[in-house]
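Chemist: Spelled out, the chains give:
There are 2 protein chains.
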Amino acid sequence: MLYNNGTEMPHWLAKRASLTPERIALICEGEEWTFRRLEEEAGRMARRLAGWGLKKGDRVVLLMGNGLHMVTLIHAVTRLGAVVVPLNTRLAPEEIAWQVEDVGARMWVVDEDHEPKAAATWRSFGTTAYTWEELTRFPEKEMELPSRLSLKDLHTIMYTSGTTGRPKGVMLTWGNHWWSAIASVLNLGLDPRDRWLASVPLFHMSGLSILMRSLIYGMTAVIHPAFDPAAANRSIRGEGVSIVSVVGTMLSRMLEDLGEKFYPDHFRCMLLGGGPAPKSLLERCKEKGVPVFQTYGMTETASQIVTLAPEDSLRKLGSAGKPLFPSELRIVKEGVDLPPGEAGEIVVRGPNVTGGYWKRPDATMEAIREGWLYTGDLGYLDEEGFLYVLDRRTDLIISGGENVYPAEVEAVLTAHPAVEEAGVTGRSHEVWGQVPIGFVRLKAGESITEEELLHYCGERLARYKVPIRIYFVSHLPKNASNKLLRRELLQLIPKEGKGGRDW
Amino acid sequence: MLYNNGTEMPHWLAKRASLTPERIALICEGEEWTFRRLEEEAGRMARRLAGWGLKKGDRVVLLMGNGLHMVTLIHAVTRLGAVVVPLNTRLAPEEIAWQVEDVGARMWVVDEDHEPKAAATWRSFGTTAYTWEELTRFPEKEMELPSRLSLKDLHTIMYTSGTTGRPKGVMLTWGNHWWSAIASVLNLGLDPRDRWLASVPLFHMSGLSILMRSLIYGMTAVIHPAFDPAAANRSIRGEGVSIVSVVGTMLSRMLEDLGEKFYPDHFRCMLLGGGPAPKSLLERCKEKGVPVFQTYGMTETASQIVTLAPEDSLRKLGSAGKPLFPSELRIVKEGVDLPPGEAGEIVVRGPNVTGGYWKRPDATMEAIREGWLYTGDLGYLDEEGFLYVLDRRTDLIISGGENVYPAEVEAVLTAHPAVEEAGVTGRSHEVWGQVPIGFVRLKAGESITEEELLHYCGERLARYKVPIRIYFVSHLPKNASNKLLRRELLQLIPKEGKGGRDW
Chain H
55 MLYNNGTEMP HWLAKRASLT PERIALICEG EEWTFRRLEE EAGRMARRLA GWGLKKGDRV
115 VLLMGNGLHM VTLIHAVTRL GAVVVPLNTR LAPEEIAWQV EDVGARMWVV DEDHEPKAAA
175 TWRSFGTTAY TWEELTRFPE KEMELPSRLS LKDLHTIMYT SGTTGRPKGV MLTWGNHWWS
235 AIASVLNLGL DPRDRWLASV PLFHMSGLSI LMRSLIYGMT AVIHPAFDPA AANRSIRGEG
295 VSIVSVVGTM LSRMLEDLGE KFYPDHFRCM LLGGGPAPKS LLERCKEKGV PVFQTYGMTE
355 TASQIVTLAP EDSLRKLGSA GKPLFPSELR IVKEGVDLPP GEAGEIVVRG PNVTGGYWKR
415 PDATMEAIRE GWLYTGDLGY LDEEGFLYVL DRRTDLIISG GENVYPAEVE AVLTAHPAVE
475 EAGVTGRSHE VWGQVPIGFV RLKAGESITE EELLHYCGER LARYKVPIRI YFVSHLPKNA
535 SNKLLRRELL QLIPKEGKGG RDW
Chain B
55 MLYNNGTEMP HWLAKRASLT PERIALICEG EEWTFRRLEE EAGRMARRLA GWGLKKGDRV
115 VLLMGNGLHM VTLIHAVTRL GAVVVPLNTR LAPEEIAWQV EDVGARMWVV DEDHEPKAAA
175 TWRSFGTTAY TWEELTRFPE KEMELPSRLS LKDLHTIMYT SGTTGRPKGV MLTWGNHWWS
235 AIASVLNLGL DPRDRWLASV PLFHMSGLSI LMRSLIYGMT AVIHPAFDPA AANRSIRGEG
295 VSIVSVVGTM LSRMLEDLGE KFYPDHFRCM LLGGGPAPKS LLERCKEKGV PVFQTYGMTE
355 TASQIVTLAP EDSLRKLGSA GKPLFPSELR IVKEGVDLPP GEAGEIVVRG PNVTGGYWKR
415 PDATMEAIRE GWLYTGDLGY LDEEGFLYVL DRRTDLIISG GENVYPAEVE AVLTAHPAVE
475 EAGVTGRSHE VWGQVPIGFV RLKAGESITE EELLHYCGER LARYKVPIRI YFVSHLPKNA
535 SNKLLRRELL QLIPKEGKGG RDW
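Chains H and B are the protein sequences, given in the same order.
My numbering numbers the first residue of the first sequence as 55 and each following residue consecutively.
My numbering numbers the first residue of the second sequence as 55 and each following residue consecutively.
Hints were generated in silico from the structure; no laboratory data involved.
Some clues are possibly wrong.
Unchecked claim - Some, not all, of what chain H presents toward chain B, calculated at C-beta under 7 Å:
no.	residue
1	245
2	332
3	372
4	376
5	380
What the hints assert, rightly or not - Over 10 Å on every C-beta distance to chain B, these chain H residues come out as not near it, computed from the model:
no.	residue
6	77
7	291
8	313
9	546
Glycine included, each C-beta is placed from N, C-alpha and C at the ideal position.
Sequences and hints are given; from them, build the entire structure.
Modeler: So, in C-alpha cells, the structure goes:
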C-alpha cells in the first residue's frame with residue numbers, strides 16, 4: 055500500500071517562516087528576531103556559502119560561542135543540505151585539529167573569541183578558518199533554496215568522547231532531531247507562549263536541540279552567550295522564559311542567586327540533565343516550588359530519551375522518568391534483561407537514536423545492535439518502570455555538565471615520555487559536581503613535577519579535562535587480568551592530600 | 055546509513071498506560087477512566103475477540119453510537135491489528151448492507167439503539183452482527199498483546215461518499231493518524247490539563263481523531279452520546295473542557311444556549327470544520343471572545359490538514375489557515391498552479407494523507423497523483439498564503455456537518471421505476487446550513503406523488519440525505535455535452551415554492 059511515512063517534508067525554516075512569520079524566533083544579544091527575519095538572515099548566508107561553493111553533504115566546522123552568528127550559520131549551512139559540525143570551544147588546539155581532520159571539514163568558521171585558538175591549529179590544514187566578516191564578503195549565489203528536506207539526510211555531526219580512544223562523531227539526521235522534538239512535546243506539552251532558554255552551549259546537544267525545537271514548535275529560543283545564574287533568573291522573571299535546560303551545577307547556582315525570591319507561574323519546566331542530581335538539590339527545588347523534570351539523554355539520542363512526566367516530578371524525585379512516547383528502554387546484563395531493582399546497562403531504542411558514528415563502522419556495530427543503543431551507562435528500573443541512573447557510563451566523570459572520559463586523559467598522560475602508566479578518576483567537587491584527578495607511575499629513572507605534567511595536559515586537553523591534581527604513585531590498582539581498577543584509585547591519595555587545597 | 059524512521063514504535067495504548075497510568079483518558083457516560091483502566095478494558099475485550107478468532111487484518115464493522123462500548127471496541131479491535139470500520143449510524147439499512155459487504159467484514163458489532171437497523175440487513179450475511187453483551191461472553195484467549203505497532207499498518211477504513219457512484223472506503227494507517235495528531239499539536243499546542251470534547255460522532259474522522267490524540271498526547275477525551283448544545287457548554291464551563299470540535303450549526307446552537315454568559319479562560323480552542331462558516335457567525339464569536347480556529351480537512355487527510363494558527367484566528371476570519379507543519383497545498387486548474395487570488399482545485403500532500411481507497415485502484419489513481427490528493431474542493435490562497443475554501447467539492451451539500459453528495463441521491467431517485475432522470479442540489483437552511491432538494495423528470499406516462507418518492511428515498515438513504523422537497527419538472531438544465539448543471543436547478547423551483555413551508 056502507498057504510505058507516505060513523512061520522511062520527506064517541507065523545509066522547516068521555510069515552513070515555519072511561512073506559518074508564523076511574525077512570531078519571535080530568537081532573543082539573543084539584545085535583539086529579537088522573528089521567524090521571517092531568521093529565515094532571511096539564514097537564507098542570505100546560505101546563498102553566500104553557496105556562492106563560495108558549499109554543497110550538500112559538505113561538513114562545516116563551527117568553533118563559535120552562543121550568539122546570532124552561530125545560530126544563523128547553523129541554519130544557513132543546513133539550509134544547503136551541508137552538515138554542521140559544532141565543536142566544543144573548550145577543546146585544546148590539538149583536540150580541535152584532530153576533529154576537524156577526522157570529519158573531513160570542507161570549511162570551518164570561527165568567531166573572534168576563538169580565532170587565536172583556531173590560529174594555533176589551522177596552519178596544519180589546506181583550508182583556513184573563516185571569520186563571520188570574511189563570510190559576509192562572499193558573493194550571494196542566485197538560487198532557489200530547497201523547499202523540502204528528507205528526514206534521512208544528515209544534519210549534524212557532533213563529537214563525543216568514549217570510554218576508549220579518540221572522540222567519535224555522532225551522526226544525527228534531520229529525523230533524529232525531529233523525533234527528539236516530537237517526543238519532548240508529547241511529554242512536556244507546548245504553550246504558544248513558551249520560551250526556552252539556552253544558556254547551555256549550542257555546540258552541545260542540549261543547546262542545539264533548543265534551536266531545533268524552536269523551528270519545529272514555532273517557539274522562542276532565548277539564547278545567552280554563556281551561563282550566568284543572575285541572567286538566567288532575569289530571563290525567567292522578566293523575559294517570559296518558561297523552560298530552561300540545566301545541569302545540576304547550573305541549577306544550584308540559580309537557586310543561590312534566586313535567594314528568597316520565587317519563579318513566576320508561567321515558568322513551568324526546569325529540564326535537568328547531565329547526570330544524576332544530588333537529592334539535597336532536588337529537595338531544595340521541591341521546597342521552593344521549582345518544577346524540576348529530570349531527564350536522561352546523550353548526543354547519540356539527540357538529547358532527551360527518558361524524562362519524568364509532569365505528574366511524577368515530585369513523587370519520583372531522583373528518577374529520570376520513563377522512556378518518551380516513541381522510545382523504549384531495557385536494563386541488560388550479560389545479554390539478559392534484568393527485572394526491576396537490579397542494576398545493569400541502560401539500552402535504548404527509538405527514532406531519535408543516531409544511526410552511528412562518522413566513519414567508525416566498528417564503533418557503530420559495537421554500540422548499536424538491532425536498533426538498540428548500548429549506552430554504557432548504569433541504572434535500574436523501579437517496580438513502576440521508572441529509570442534511576444546510577445552512573446554515567448563506567449568511570450565517566452561529569453564536571454560542570456561536561457563529560458570527561460578517564461581513558462582520554464590517561465592517554466595524554468601516558469604519552470608523556472616520563473610516564474610509564476596512568477589512571478584517572480573523578481572526585482566530588484562542590485561547584486562542578488566532579489573533577490578529574492590523575493595518578494601516574496613514572497618510568498624508572500625519570501622525574502617530572504606535577505606542574506610540568508599539568509602544563510603538558512593543558513596544551514593537549516580542554517581545561518575541564520585537565521586533572522585538578524596529579525599524584526605520583528608506585529603502582530596502580532589492577533584486577534587479575536591486569537585491567538586498571540579506577541574505582542580504587544582514590545584510596546591512593548596520601549592522607550594529608552584528602553580534602554586538600556583546591557577542593 | 056542506518057536510520058530508524060519511526061515506522062515501528064511502542065503500541066500507543068500500552069505505552070500511554072505505562073507513561074501516565076493515572077491520568078484521565080475518558081469522561082463518558084458519567085464515568086472517568088484512567089489510561090490504565092482504558093488499557094485493561096480494551097485489553098480484556100481484545101483477548102475476547104482473539105478468543106473468538108479475530109486476527110490481524112480482519113475488518114470489524116461498528117454500528118454504534120458514541121459511548122464507552124464503542125471506544126473500548128475501537129481500541130480492542132486495533133489492539134489485535136484488526137481494522138476498525140465505523141459506520142455512520144444514520145445510514146439506511148441498504149447503505150449499511152452495501153458497506154459491510156464492500157469492506158468484507160469478518161465481524162460486526164451493533165449497540166442496542168442500532169440493533170433493529172442491523173437486523174434489517176444482517177439477514178443477507180453469512181455472519182450475524184454481535185451485540186456488546188454477546189461479545190462479553192466470548193472466552194478470553196490467553197495471550198501476550200502486541201507491544202509494538204507499525205505506522206504502515208491499516209488502522210481504520212472509513213467510508214466517504216464521492217461525486218460519483220457508491221461510497222469509497224478510505225484506508226487510514228496508524229501513521230496517518232499519528233501524523234495528523236502531530237501536525238495538530240504543532241499548531242494548537244498541548245497543555246497537560248487539556249480536555250477535548252467529542253460531541254461529534256466517533257464514526258466520523260472529527261470524532262475518531264480525538265480518540266487518537268487522546269492516546270498520543272495523554273489527553274482526556276470527553277465524549278458525549280450526541281451533540282447537545284447545553285451539555286457541550288456545561289462541559290466547557292464545569293468540566294474543564296479546553297478544546298471542542300464543531301461544525302457551524304453546532305457552534306451557532308452553542309452560542310444561542312450560552313446566551314449572555316461567557317466561556318472560562320481555560321477554554322482555548324473552538325475547532326471549526328465542516329465547510330466555510332458564515333461570516334456573521336464568526337463575527338459573533340469574535341464579539342463574545344470565543345477562540346475559533348477554522349480548519350479544513352476530510353476523511354482522506356485523517357482530519358485537519360489546514361488550520362488557522364492562534365495568532366491569525368481573528369485577523370484572518372473566514373480563512374481555513376495554512377497547511378500544517380508537515381503538509382503542503384497547491385491550488386490547481388487544468389494542471390497549472392494558480393497565483394494568489396485565483397480559485398481552483400485544492401490539492402494537498404502530507405504524511406496524514408490516505409494511501410488510497412479500499413479495493414478501488416482506479417479511484418485511488420484518480421484522486422492521488424504523485425502523493426498529491428486532488429480534493430475536488432474549490433478554494434484560493436490570499437497574498438499571504440492563507441487558504442479560503444469556496445466550496446466543498448463540486449456540488450457537495452453539507453447538512454449539519456454531514457456530507458451529502460448529489461450524485462448518490464440522484465442515483466437512488468433514478469433507480470425508481472417511474473423516474474427518467476433526477477437532479478439534486480443544496481439550499482441554505484437556518485438550522486442545518488444546507489439541505490438537499492431534488493428535481494425529477496418522470497418517464498412518459500408514469501405518475502407518482504412526492505410523498506411516495508420521499509418514502510422510497512427514506513428506505514435507501516440516511517435521513518440527512520433525503521431531499522427536504524422533490525419537485526417534478528419537465529426538463530433538467532444541461533450543458534452542451536449533456537452534463538447536468540446542478541447550480542441552475544434552484545431556478546426550477548416554482549415561484550410559490552421559494553421559501554416554502556418546511557424551510
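Chemist: Determine whether the non-interface label on residue 313 of chain H survives the test: each CB of chain B must be over 10 Å from its CB.
Modeler: Fine: 29 Å to the nearest Cβ keeps residue 313 of chain H off the interface.
Chemist: Min Cβ distance, residue 376 of chain H to chain B: is it shorter than 7 Å?
Modeler: With Cβ-Cβ at 6 Å, under 7 Å, it holds.
Chemist: Interface hint check: residue 245 of chain H, Cβ to nearest Cβ on chain B, cutoff 7 Å. Holds or violated?
Modeler: This interface hint holds because 6 Å falls under the 7 Å limit.
Chemist: Taking C-beta pairs only, is residue 77 of chain H more than 10 Å away from all of chain B?
Modeler: Non-interface label on residue 77 of chain H violated, nearest chain B Cβ at 7 Å vs cutoff 10 Å.
Chemist: Holds or violated: the hint that residue 372 of chain H contacts chain B, with Cβ atoms closer than 7 Å.
Modeler: Violated, because the Cβ-Cβ distance from residue 372 of chain H to chain B comes to roughly 18 Å (cut-off 7 Å).
Chemist: So residue 546 of chain H supposedly isn't at the interface. Is its beta-carbon more than 10 Å from every beta-carbon in chain B?
Modeler: holds, 43 Å
Chemist: Would you check whether the claim that residue 291 of chain H is not at the interface survives, using Cβ distances to chain B and the 10 Å cut-off?
Modeler: Non-interface label on residue 291 of chain H holds, nearest chain B Cβ at 22 Å vs cutoff 10 Å.
Chemist: A closest beta-carbon separation below 7 Å is what the hint needs, so does residue 380 of chain H meet it against chain B?
Modeler: holds, 5 Å
Chemist: Hint check: is the beta carbon of residue 332 of chain H less than 7 Å from a beta carbon of chain B?
Modeler: violated, 26 Å
Consistency with the previously given hints fails for numbers 2, 3, 6, ordered from lowest to highest.
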